[in-house]
Amino acid sequence: MNEGRRMLRFVTLTAVALASAHASLAAEDTDLKRGKAVYQENCAACHDPGPGHPGTQMLAVKKGKELAVLIGRTDLGVDLVRAVVRGGLIEMPPFRPSEVSDADIEALVKFIHTKRDEK
Amino acid sequence: MSALPEGVSAEQMRDALAEMRGVVGDAWVISGENPLLRAYRDTLSTAPEEASMPSAAVCPASTEDVQRIVVIANTHRVPLWTISTGKNFAYGGPAPRTAGQIVLDLKRMNRVLEVNTDLAYALVEPGVSYFQLYDHLRERKLRLWIDPAANGLGGVVGNTLDHGVGYTPYGDHLMMQCGMEVVLADGTLVRTGMGALPNTKSWQIFKFGFGPWIDGLFTQSNFGVVTKMGIWLMPEPPASMPFMITFEKEDDLERVIEIVRPLKVNMVIPNAAFTVDLLWEAGVAVTRNQYFTGKGPMPDSHRRKMAADLRLGAWNFYAALYGLPEVIDATFEIIRGAFSSVPGAKVYFEKDRVGDPSFEYRAQLMRGIPNLTEFGLLNWVGGGGHINFSPISPTLGSDATKQYRMIQKTCHEFGFDYIGEFAVGWRDMHHILMLMFDRRDAAETKRAHECFARLIDEAAAEGYGEYRTNLAFMDQVARTYGANGGSLLKLQQRIKRALDPNGILAPGKNGIWPLTAKEGPPT
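Protein chains in written order, with the numbering used here: chain A, 23 to 141; chain B, 10 to 532.
Do not take every clue at face value.
To be verified - Below, in silico cross-link-like pairs of lysine-lysine (DSSO-like), each with a Cα-Cα straight-line distance of 27 Å or less: (1) B:Lys-150 x A:Lys-55; (2) A:Lys-84 x B:Lys-455; (3) A:Lys-58 x A:Lys-84; (4) A:Lys-55 x A:Lys-137; (5) A:Lys-58 x B:Lys-150.
It should be emphasised that the hints constitute simulated quantities derived from the structure, not laboratory data.
Please take these sequences and the hints and turn them into a complete structure.
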């Protein structure tokens, strides 16, 4: 009887944990998709790797080639990215809340960080 | 606290913003000390940021919101400055004409309302960017091209309303515009052209409707707020072939433009072609410091070294051909023959310029693919500042050379490089000087401002006028269109008074001021 209860409890807890993990992964996935969309729409044309991307070109001059590309830069936290997005930086114009929301910025940073893990 | 608009009390502003919050919600009225308001300043201009710092921004989500907001603005007599995507680089960005004006930010109105594949058009809201419309068509695998400006973040509506140009055969954006929905200052909703017909079937396919064609009144003006606009799209051709021809000498410009004119007027070259100077081309790929670290304009010896390294000419001509491959090949032989009379002319195709960002971004634009590569030019000086001086030139070699020498001389006198291009429309050319300066250097920024003001007057004295200008120079440029005692501006003023008697829409846009404003109207 006790053994049966223990088993039932184990199964229940495992199911709850899996569901929770699944929900968390789904939320993470949604965030990454959103971050990717924000990046593609607003950032990629200047900050993608390779020639023809003004932001990458300037960051290579200012910060060196290692930090020239945004994707994979885990040193860029939400606060810093938000400050640059909202305030602009030298050539980069500011982006308004009507273009990019604060939640968009958080998703963008997650996307930038996660891409490094995929490398 | 941000400055209030001229003639508006703190109470008026407070009451107006409170009512606007009732329309769009608290989150979409940004005002007072909210740091988000800083995103509405012009970060590229020669003018101080505080000269065009708004007191608030309001972001409607629908035409109905816009109608209610203009009624509130009329009730409380507060001025609204309309922007669409707000990425009007070099001409003012999202900032208003004067400090304190409320920015009416239409970016949230970003729906592609219709794409008609049979008749090749789209109906869009003002917040739709070139990137967005391009993605919309690609995701649906529609074989239609957009015609983007160089700035892919720019808006289809905003660029057209400011008379912008692109790179494909649909490069004259206002020519390709068809039908508008406009909110007037009193909240009245108007659909232009065939759109005025209930249940119309032709709003986006016939521009003129019945009676006067009035769409132009809502471009470069402050007579209404455009909330929808039709734009024609180019059917994807079976083939396309961008090409580049380089010319060794600065003096080749006159001959080149003489050759270009009949090719354009006779439509042998179908697209918006460009004749681009050395520094504009080089600046996309390299920085000035890589070739010259001194002050003042880059010396000829350094220019020659850079031209050789990058396989560029003093002038570089870009165009493209579209259609059946056999027709493209035959047509190109006409073009090759015409330019072969210029000694040293070299022809390049895509296969010859692989990895060259300048050729590649222009080839993309000539195929309707938006990007931002041209803004690599901002790295040339690296200080963030640039404003565009944009006089119209006849497509004549003599005028092109005269404008080039005049502008180059003044730029050099003020210590700046000439970085320019001629965008060949049909019979006209938009001559674009990108005046680059280090905005972190106050003295250099001031010199750039003075240089720009001088250029306007010098050009006007020779009969040349600008097609568009930065916020800070709108009054000066408007005054140059002063024939017959300034009757054109006075006519615009009369229209303004009739349509917007309280002067709430974009006071000062292109020099058109309400009669009550201290600044104007210019006499």
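task = Take a quick look at whether Lys-58 (chain A) and Lys-150 (chain B) sit within 27 Å of each other, Cα to Cα.
result = OK: Lys-58 (chain A) and Lys-150 (chain B) at ~21 Å, within 27 Å.
inquiry  = Just to be careful, I want the Cα atoms of Lys-150 (chain B) and Lys-55 (chain A) compared with a cutoff of 27 Å; is the pair within it?
reply    = 21 Å, holds
Pairwise hint evaluation, Lys-137 (chain A) against Lys-55 (chain A), where the allowed Cα distance is 27 Å at most = Distance ~12 Å between Lys-55 (chain A) and Lys-137 (chain A) Cα, so the pair holds.
inquiry  = Between the alpha carbons of Lys-58 (chain A) and Lys-84 (chain A), is the straight-line distance 27 Å or under?
reply    = 25 Å, holds
ask   = Are Lys-84 (chain A) and Lys-455 (chain B) close enough, with their CA atoms no more than 27 Å apart?
value = It holds: about 26 Å lies between the C-alpha atoms, which stays within 27 Å.
Going through the hint list in order, the structure satisfies each hint without exception.
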